[in-house]
Amino acid sequence: MAMNSIKTILGEGQSIVDHFLVNGENYTCWKIRMKFFVQANNYDVWSTIVDGPYKPTKEEGEWDRNDKNMVQINAKAMHILLCALRDREYNRISNCENAKET
398 MAMNSIKTIL
408 GEGQSIVDHF
418 LVNGENYTCW
428 KIRMKFFVQA
438 NNYDVWSTIV
448 DGPYKPTKEE
458 GEWDRNDKNM
468 VQINAKAMHI
478 LLCALRDREY
488 NRISNCENAK
498 ET
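Residue numbers for the sequence shown, in our numbering: 398 to 499.
Honestly, I wouldn't trust all of these hints.
[To be verified] Distance ranges between label pairs, derived from CB positions:
| hint | residue 1 | residue 2 | range |
| --- | --- | --- | --- |
| 1 | C493 | D461 | 24 to 32 Å |
| 2 | V468 | R489 | 20 to 28 Å |
| 3 | K465 | C426 | 30 to 38 Å |
| 4 | N495 | R430 | 18 to 26 Å |
| 5 | L418 | D461 | 32 to 40 Å |
| 6 | D484 | V447 | 23 to 31 Å |
| 7 | N495 | C426 | 20 to 28 Å |
| 8 | Q469 | K428 | 22 to 30 Å |
| 9 | E456 | R485 | 33 to 41 Å |
| 10 | K432 | E456 | 29 to 37 Å |
Derived by calculation from the structure, the hints in this document are not laboratory data. Only a predicted model underlies this, so the values are computations on that prediction, with no experimental measurement involved. The C-beta atom is built at its ideal place from N, Cα and C for all residues, glycine as well.
Using the sequences provided together with the hints, build the complete structure.
The following block contains the structure:
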């Protein structure tokens, strides 16, 4: 049922991601949409974007499950943000190492 309503809004074959692409002119609108999109999918990802990433105190080979999960949250945040940028905007932030820097 929910999928049918999404298809009605977007049209068959359209991607929801297209509606979250920033084009350099719609930043204010994009920021609000992304905030709620990320929060709805995983609030920990949103916290990483706002507060910065978790930084394990151990070497990578010594990470436990929690360390790996926390590092993965930053990777998810980066993925969401990078996929929402067109090439021009992507090139501006491609050297950022965490979601907060982005």
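Hints, verified against the model:
no. : hint                    : result
1   : C493 x D461: 24 to 32 Å : 27 Å, holds
2   : V468 x R489: 20 to 28 Å : 24 Å, holds
3   : K465 x C426: 30 to 38 Å : 35 Å, holds
4   : N495 x R430: 18 to 26 Å : 21 Å, holds
5   : L418 x D461: 32 to 40 Å : 37 Å, holds
6   : D484 x V447: 23 to 31 Å : 26 Å, holds
7   : N495 x C426: 20 to 28 Å : 24 Å, holds
8   : Q469 x K428: 22 to 30 Å : 24 Å, holds
9   : E456 x R485: 33 to 41 Å : 37 Å, holds
10  : K432 x E456: 29 to 37 Å : 34 Å, holds
No hint from the list above goes unmet by this structure.
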